[in-house]
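J.: Sequence:
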Amino acid sequence: MPDLTTRDPRTALADARLYLCTDARKRQGDLPGFLDAVLSGGVDIVQLRDKSLEAAEELELLQVLADACRRHGKLLAVNDRADIAHAARADVLHLGQGDLPVPAARALTGPGTLIGRSTHSEAEAAAAAVQDGVDYFCTGPCWPTPTKPGRPAPGLPLVRYAAALGTPRPWFAIGGIDAARLDEVLDAGARRVVVVRALTEADDPEGAARDLARRVRALPLETPSVHGVDKKTA
Numbered sequence: 005m006p007d008l009t010t011r012d013p014r015t016a017l018a019d020a021r022l023y024l025c026t027d028a029r030k031r032q033g034d035l036p037g038f039l040d041a042v043l044s045g046g047v048d049i050v051q052l053r054d055k056s057l058e059a060a061e062e063l064e065l066l067q068v069l070a071d072a073c074r075r076h077g078k079l080l081a082v083n084d085r086a087d088i089a090h091a092a093r094a095d096v097l098h099l100g101q102g103d104l105p106v107p108a109a110r111a112l113t114g115p116g117t118l119i120g121r122s123t124h125s126e127a128e129a130a131a132a133a134v135q136d137g138v139d140y141f142c143t144g145p146c147w148p149t150p151t152k153p154g155r156p157a158p159g160l161p162l163v164r165y166a167a168a169l170g171t172p173r174p175w176f177a178i179g180g181i182d183a184a185r186l187d188e189v190l191d192a193g194a195r196r197v198v199v200v201r202a203l204t205e206a207d208d209p210e211g212a213a214r215d216l217a218r219r220v221r222a223l224p225l226e227t228p229s230v231h232g233v234d235k236k237t238a
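Note that the numbering used here has the sequence shown beginning at 5, numbered continuously upward.
In short, the hints are calculated from the structure, not lab data. Glycine residues also receive a C-beta, built at the ideal position from the N, C-alpha and C atoms. Take the hints with a grain of salt, since some may be wrong.
[What the hints assert, rightly or not] In silico lysine-lysine, DSS-like type, Cα no more than 30 Å apart, as pairs:
| # | residue 1 | residue 2 |
| --- | --- | --- |
| 1 | 55 | 152 |
| 2 | 152 | 30 |
| 3 | 55 | 30 |
[What the hints assert, rightly or not] Estimated spans, in silico, between C-beta atoms of each pair:
| # | residue 1 | residue 2 | range |
| --- | --- | --- | --- |
| 4 | 87 | 211 | 35 to 45 Å |
| 5 | 87 | 219 | 35 to 45 Å |
| 6 | 188 | 134 | 19 to 29 Å |
| 7 | 100 | 201 | 15 to 25 Å |
| 8 | 112 | 64 | 36 to 46 Å |
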């Protein structure tokens, strides 16, 4: 089984296609087994996103995620909290638009942590594509989602815009993506996706992850012109 300690996290990010956000799975009580299943199935990055957790409990659970990610040679992401990312020695810190500014987060995490940004508009996506200190960004939501209630969904036009930017920086489409909708997202130009319920609510998480990973990886990372917009000139 691969071990990320022998691989540069930036190389792992460049190769990443399937990113999972999961809660602590307290109701199911199966977090270690669930993680092994989805990572075996092809998930490249796992983020713990559970607003119900206190800091100490989050750190304890992040150790479970870290152990699983190391066993499988995948990346561990922390949501929002630069201090927790530093304490957990996470590979990735993901920041929303209302979180710490990137320079402040970088000062806390140090230079080795990869930093991602959420983007919900063309202006935010364009900024994240070139902002110093940002290693990747997510754009969406593609569809309304219960994990972000009340947030408007800019939809697939924003995915097309991000694809047309032609940035070499990794970016992921996010928001309501599942097996039934994946082809629409790929047709819009995405080559990396973030999923939540597509795996957390799957009867067979490993099989569901394998199907999503296979379909995303079937396409090259280079995206073509999207709806007549040349990505090099957008």
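J.: Hints broken by the structure, by number, lowest first?
T.: Per hint list: single violation, 8.
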